[in-house]
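Asks: Chains R and S, in that order, are what the protein sequence lines are.
Following this note's numbering, the numbering of the first sequence begins with 511 at its first residue and continues without gaps.
Following this note's numbering, the numbering of the second sequence begins with 24 at its first residue and continues without gaps.
Don't read these hints as lab results, they were simulated from the structure.
Built from N, CA and C at the ideal position, the CB exists for glycine as well.
Among these hints, one or two may not hold up.
Distance condition first, Cα-Cα at most 27 Å in a straight line; then the derived DSS-like pairs of lysine-lysine [said to hold, decoys possible]:
1. R:K528 x S:K29
2. R:K528 x R:K709
3. R:K587 x S:K71
4. S:K103 x R:K528
5. R:K569 x R:K587
6. R:K587 x R:K568
7. R:K650 x R:K661
8. S:K29 x S:K103
If the Cβ cut is set under 8 Å, some of the chain S residues that face chain R in the computed set are [what the hints assert, rightly or not]:
9. T75
10. L79
11. L94
12. V95
13. M97
Computed footprint of chain S on chain R; a stretch qualifies when at least three of its residues, placed anywhere within it, have a C-beta under 8 Å from a C-beta of chain S [unchecked claim]:
14. 677 to 684
15. 692 to 706
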Amino acid sequence: MGNGILLSEGANIDFMIKGVFSYELFGQTVWITTSHVCILIVMLIIIGFCIAANRRMKKATEVPDGFQNVLELIVEKLDGMVTSVMGGHAVYFRNYIGTIFIFILLSNISGLLGLRPPTADYGTTFALGIMTFTLITFNKFKYQKPIGVLKGLCDPWVFWLPINLIGDFAVPISISLRLFANVLSGTVIMALIYGLMSKVALVWPAALHVYFDLFSGAIQTYVFCMLTMTYITDARTVSEE
Amino acid sequence: MEFNDKFILGCSAIGAGLAVIAGIGPGVGQGIAAGHAAAAVGRNPGAKSDVTSTMLLGQAVAETTGLYGLLVAMLLMFVKPLVG
Numbered sequence: 511m512g513n514g515i516l517l518s519e520g521a522n523i524d525f526m527i528k529g530v531f532s533y534e535l536f537g538q539t540v541w542i543t544t545s546h547v548c549i550l551i552v553m554l555i556i557i558g559f560c561i562a563a564n565r566r567m568k569k570a571t572e573v574p575d576g577f578q579n580v581l582e583l584i585v586e587k588l589d590g591m592v593t594s595v596m597g598g599h600a601v602y603f604r605n606y607i608g609t610i611f612i613f614i615l616l617s618n619i620s621g622l623l624g625l626r627p628p629t630a631d632y633g634t635t636f637a638l639g640i641m642t643f644t645l646i647t648f649n650k651f652k653y654q655k656p657i658g659v660l661k662g663l664c665d666p667w668v669f670w671l672p673i674n675l676i677g678d679f680a681v682p683i684s685i686s687l688r689l690f691a692n693v694l695s696g697t698v699i700m701a702l703i704y705g706l707m708s709k710v711a712l713v714w715p716a717a718l719h720v721y722f723d724l725f726s727g728a729i730q731t732y733v734f735c736m737l738t739m740t741y742i743t744d745a746r747t748v749s750e751e
Numbered sequence: 024m025e026f027n028d029k030f031i032l033g034c035s036a037i038g039a040g041l042a043v044i045a046g047i048g049p050g051v052g053q054g055i056a057a058g059h060a061a062a063a064v065g066r067n068p069g070a071k072s073d074v075t076s077t078m079l080l081g082q083a084v085a086e087t088t089g090l091y092g093l094l095v096a097m098l099l100m101f102v103k104p105l106v107g
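When you get a sec, could you build the whole thing from the sequences and use the hints?
Replies: Have a look at this one:
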């Protein structure tokens, strides 16, 4: 009633996050939402795949075949991606980057399974952004030493300090908003198509699923990991002066 | 002066439409980036994968401003912050 044209009666457009159940924690009401459930499903899929991979690799053969081929391909591709960007630092970050790559990729394409992608919840992407920010800051202080960090903040001149600070704190926000908005836009457009054109949305939305879920999701995963790696490499490189 | 909810919703819809105009900038920018990438591949076909990944990264970063406009439009349309 009175929800504007898009949410008119009869059309059921459904892309909002819904609460599943709530509980009290220190006087606050905390909701378990559909995002948590979807993350759980994605994690179960990843864990199941990992257990299967572990079983297979325990009896690995010299000449790979079948499933082992696939696993070696995945690991090789992820390692190659990290090495091509981070160079010498790649050894320390292969595990982390590979993990978030697989997690974000599966989250983004979980729309194909009928789930609401967990990355279309700002809570998820902001947590990923905070992790990136923590890694950047930690590595900056470890490799450039506090004096170098201070020098970098006052780069051209002392009065640039607030602008540089804002620039540093904008990194996690922009990196997480980019992923969130891209996945959310795909989710909303698919929900609008299914809600408003439910009579004629028969087979052709599959093409849109390929674009919004597979293509866009893969590109955004790649971009998130690339930016994380670029920022970390930047933080670990000490400027020669 | 009293405004009822329907008037505010209509104005929110107009505002959402105006906010999405932000998509012009990234559209032009991404087109320019893709054009230059095509030219680069034409000049040096061996570097196709490097050029493509660099282009995708730059385009994704350039896309951010358009996405901010999209977010503002979505907030206006679906979260309805102005309706009391």
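Asks: Indicate, hint by hint, whether the structure satisfies it.
Replies: Outcome of the hint check:
no. : hint            : in the structure
1   : R:K528 x S:K29  : 26 Å, holds
2   : R:K528 x R:K709 : 25 Å, holds
3   : R:K587 x S:K71  : 17 Å, holds
4   : S:K103 x R:K528 : 17 Å, holds
5   : R:K569 x R:K587 : 22 Å, holds
6   : R:K587 x R:K568 : 21 Å, holds
7   : R:K650 x R:K661 : 12 Å, holds
8   : S:K29 x S:K103  : 11 Å, holds
9   : T75             : 11 Å, violated
10  : L79             : 6 Å, holds
11  : L94             : 5 Å, holds
12  : V95             : 10 Å, violated
13  : M97             : 7 Å, holds
14  : 677 to 684      : violated (count 1)
15  : 692 to 706      : holds (count 4)
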